[in-house]
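J.: Going by UniProt numbering, the residue at position 63 of the sequence shown is 63; the numbering climbs one at a time, nothing skipped.
One or more of the hints may lead you astray.
Quick list of in silico lysine-lysine cross-link-like pairs, BS3-like style, CA-CA up to 25 Å [what the hints assert, rightly or not]:
{"no.": "1", "residue 1": "K248", "residue 2": "K272"}
{"no.": "2", "residue 1": "K103", "residue 2": "K116"}
{"no.": "3", "residue 1": "K476", "residue 2": "K273"}
{"no.": "4", "residue 1": "K345", "residue 2": "K273"}
{"no.": "5", "residue 1": "K37", "residue 2": "K137"}
{"no.": "6", "residue 1": "K340", "residue 2": "K273"}
{"no.": "7", "residue 1": "K318", "residue 2": "K272"}
{"no.": "8", "residue 1": "K476", "residue 2": "K345"}
{"no.": "9", "residue 1": "K137", "residue 2": "K151"}
{"no.": "10", "residue 1": "K318", "residue 2": "K277"}
{"no.": "11", "residue 1": "K137", "residue 2": "K116"}
{"no.": "12", "residue 1": "K103", "residue 2": "K28"}
{"no.": "13", "residue 1": "K73", "residue 2": "K151"}
{"no.": "14", "residue 1": "K277", "residue 2": "K345"}
{"no.": "15", "residue 1": "K137", "residue 2": "K103"}
{"no.": "16", "residue 1": "K277", "residue 2": "K248"}
{"no.": "17", "residue 1": "K103", "residue 2": "K73"}
{"no.": "18", "residue 1": "K476", "residue 2": "K318"}
{"no.": "19", "residue 1": "K272", "residue 2": "K476"}
{"no.": "20", "residue 1": "K73", "residue 2": "K116"}
{"no.": "21", "residue 1": "K116", "residue 2": "K151"}
{"no.": "22", "residue 1": "K272", "residue 2": "K340"}
{"no.": "23", "residue 1": "K170", "residue 2": "K272"}
{"no.": "24", "residue 1": "K476", "residue 2": "K277"}
{"no.": "25", "residue 1": "K248", "residue 2": "K318"}
Derived CB-CB ranges, DEER-like [stated by the list, open to error]:
{"no.": "26", "residue 1": "K345", "residue 2": "Q174", "range": "36 to 44 Å"}
{"no.": "27", "residue 1": "G251", "residue 2": "M208", "range": "16 to 24 Å"}
{"no.": "28", "residue 1": "H182", "residue 2": "Y44", "range": "25 to 33 Å"}
{"no.": "29", "residue 1": "F224", "residue 2": "H182", "range": "17 to 25 Å"}
{"no.": "30", "residue 1": "R33", "residue 2": "P475", "range": "22 to 30 Å"}
{"no.": "31", "residue 1": "A237", "residue 2": "I257", "range": "20 to 28 Å"}
{"no.": "32", "residue 1": "K345", "residue 2": "Q164", "range": "28 to 36 Å"}
{"no.": "33", "residue 1": "I257", "residue 2": "I152", "range": "47 to 55 Å"}
{"no.": "34", "residue 1": "Y44", "residue 2": "L230", "range": "55 to 63 Å"}
{"no.": "35", "residue 1": "E40", "residue 2": "S173", "range": "39 to 47 Å"}
{"no.": "36", "residue 1": "P475", "residue 2": "R358", "range": "19 to 27 Å"}
{"no.": "37", "residue 1": "R358", "residue 2": "Q192", "range": "19 to 27 Å"}
{"no.": "38", "residue 1": "I257", "residue 2": "S327", "range": "22 to 30 Å"}
{"no.": "39", "residue 1": "P291", "residue 2": "Q174", "range": "41 to 49 Å"}
Simulated from the structure, these hints should not be mistaken for laboratory data.
For clarity, every value in this text was computed on a predicted model and none was experimentally measured.
Quick reminder that beta carbons are idealized off the backbone N, C-alpha and C, glycines included.
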Amino acid sequence: MARLHLRNVEVAPSRYPTLARRPNNKRKAWRTRTSRKLTEMERYRMNTVRQEYREGEHAALDEARQVMWDLAKSMHERLGRHTVRHYYRLIMHQSHIKVCSRKTSRWNAFLSLRVKQRNDALPEGEERIRVSEQVAKEIAAEWHAMSPEEKIAATEERMGELVQRAENRKHGSQTFTVNAFHDARSIVAQVQQLLEDLYIRTGTETMMINCHPTTADYMQPNVFLSSDRLRDFVVVAAGGTAEDFAEKMEGYCISGIQGVAFSYVENIVRLKKESSKLILSLLRTTSTRGPVGRMAYTNFDARVTFPLGVVLDFWPLKRFCSPGELSSAPELETLIHAFKSGRTKFRLLSDEEWTEWRERYIAGIAAPSMEADGSTTGITSPQIPGAPIAASPPTSLPTATTTTLSPSSVSSPPELPATSLGTTATLAGPAMAAADAATAADLAAMPARKRARQATTFVMVDVVTGPDGRPIQVPKRDRSARKKKDAKATITSTSSSSPAPALPTAVSSAFTTSCSTSTQRASSAASPAAAASSMAASGKASRKRKGNEQA
C-alpha cells in the first residue's frame with residue numbers, strides 16, 4: 001500500500017494537547033513529603049506568631065477606623081445635615097439592616113435605667129436627655145464602682161423589660177395602618193436595593209412579590225424583578241405578566257381561603273409523599289458515612305444501620321413500615337408531626353458504638369450453619385400436600401396378587417374431618433413387602449449427608465425504638481428456600497416411608513376397581529415363562545440403577 005505523506009498539515013502546539021494526544025494517566029506530584037508531628041515548643045512558637053499577627057492586624061484596623069471616623073466628623077461639620085454615624089456608614093459602606101443581633105447586656109440595662117431616671121426628673125417641656133458619649137462616660141464611672149452583686153441587683157428588673165421591648169420591636173404587629181405602611185415600604189425598599197446590588201455583583205436572579213391580606217392597607221402589590229429574563233419567564237410560566245400574577249396573588253390573600261380543598265384520597269397521597277420526602281431528607285442530613293439513595297424500611301438494620309451507623313429513635317407508630325403502607329390520615333399526620341417536632345429522629349452512632357454494633361450483628365448472623373453428626377435438629381422439612389404415592393420398581397413380580405382393604409390404612413389428616421374421608425386401597429403381597437424392605441435397607445445403608453441448616457433470622461431490635469423508648473421489631477424479608485437437585489428423590493422417599501393421606505370415597509372406589517381389574521388380568525395372563533423373563537428384566541434394571549448411584 002502507498003504511504004500518505006502529510007507535509008503541509010498544521011499541527012497544534014504541544015502545550016495545547018488535543019483530546020487524541022491527551023495522556024490517560026493522571027498527573028502526580030514530582031515529589032511527596034511526609035508530614036512531621038510538631039513538638040510542643042514548635043506549636044507554642046506558631047501560636048505566639050499567630051497571636052502577634054492578630055494583635056497587629058486589630059491595631060491597624062483600629063487606626064484605619066479612627067481615620068474614617070475623623071473624616072466622618074469633618075463631613076458632619078461641613079455639611080451638618082446628618083449625624084457622624086450616618087456619614088461613617090456611608091464611608092464604610094455599612095448596611096442599615098442588622099446582620100446579627102447581640103444579647104442584651106447588664107451595662108445596656110443600667111445605662112437605659114439611669115437615662116430614664118434623669119428624664120423622669122426633668123420638668124415638662126424641657127428637651128429630654130439622649131444617650132451620648134458624655135452621658136455614657138458619667139454613668140460608666142458609677143457602673144465601674146459597683147460590685148458584681150450590686151450590678152445584678154440593680155439591672156435584674158430592667159433586663160426583662162429590655163428583652164420584652166426587643167421582642168415587641170421585632171415581632172410586634174403595627175397598631176395603626178399608616179405605621180404598617182411606612183414600615184413595609186422602608187423595609188421593602190432596603191431589600192430591593194440589596195437585591196439589586198447582589199445582581200450586579202454576582203448575577204443572581206431574584207423575583208419578589210409583596211401584597212397585603214386586607215383591603216384596609218395602603219400598600220399596593222409590589223413586584224421586583226432583577227432582570228427582563230425573569231419577566232419573560234413569568235409570561236411563559238404563568239401565562240401573563242408579573243403584575244397580573246401579583247394582582248391574582250393579592251386577590252387570593254384577601255379572599256381568606258385557608259387552603260386548597262383536597263379529597264380524602266388526594267389528601268392521603270399528599271401526606272404519603274410529604275412524609276416520605278421528609279424522612280429521606282432527615283436521613284440524608286444525619287448520615288455522614290456515605291450517600292443515601294433511598295430509605296429502607298425492610299431490613300433496616302442491614303441496609304441502613306450496618307453500612308451507615310444510623311439508628312432511629314422514638315418511632316411514633318406501633319408498626320415500623322413505609323408511609324406508603326399506611327392508609328390512615330391521622331397516622332400519617334402523627335408521623336409527620338413527630339419528625340418535624342424532633343421527637344422522632346435519626347441518630348448517628350459514634351465510631352465505638354458502630355463497631356460494637358457491627359460485631360454483635362455479624363456474630364448473630366454467623367451462627368453454626370452445619371452439625372457434625374449430620375442431625376437435623378431444629379430443621380423442619382416442608383410438608384407437601386397431596387404428595388404422590390411412591391412407586392418403587394419391584395425386584396420380583398408375584399405370580400398372583402390380591403387387592404384387600406386394610407383397616408389400619410384408613411387415616412384422617414388433622415386438618416380435614418374424618419367423615420369426609422374414604423378408605424384407601426393397599427396392595428398386599430410378599431413381593432411388594434420385599435421391595436419395600438429392600439428400599440428401606442438401601443436408604444439406611446447410604447451415608448448420612450451434612451445438610452446446611454437454615455440461617456437463623458437475626459433481628460436487631462435496638463436500631464428502631466418506639467414512642468416509649470422500647471425497641472420494636474424491624475420487618476425482615478426472609479430469603480427464599482434453595483431448590484435442591486434431589487428434591488424429587490427426597491419427596492419420593494418421604495412418601496414411601498410415611499403413610500399416604502386417605503383419598504376421598506369416589507377416588508378410592510375408582511382406584512380399587514382399577515386395581516382389581518388389572519390384578520385379574522395379570523393373574524389370568526401370567527405363565528412361568530413370562531414370570532421368569534419379567535424377573536430377569538427387573539433384576540437387570542435394579543443392577544443398572546445401583547451402578548448409576550455408585551458412579
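J.: Run the structure past the numbered hints and jot down the numbers of the failing ones, going up.
T.: 1, 5, 12, 13, 16, 17, 20, 23, 25, 28, 30, 35 and 37
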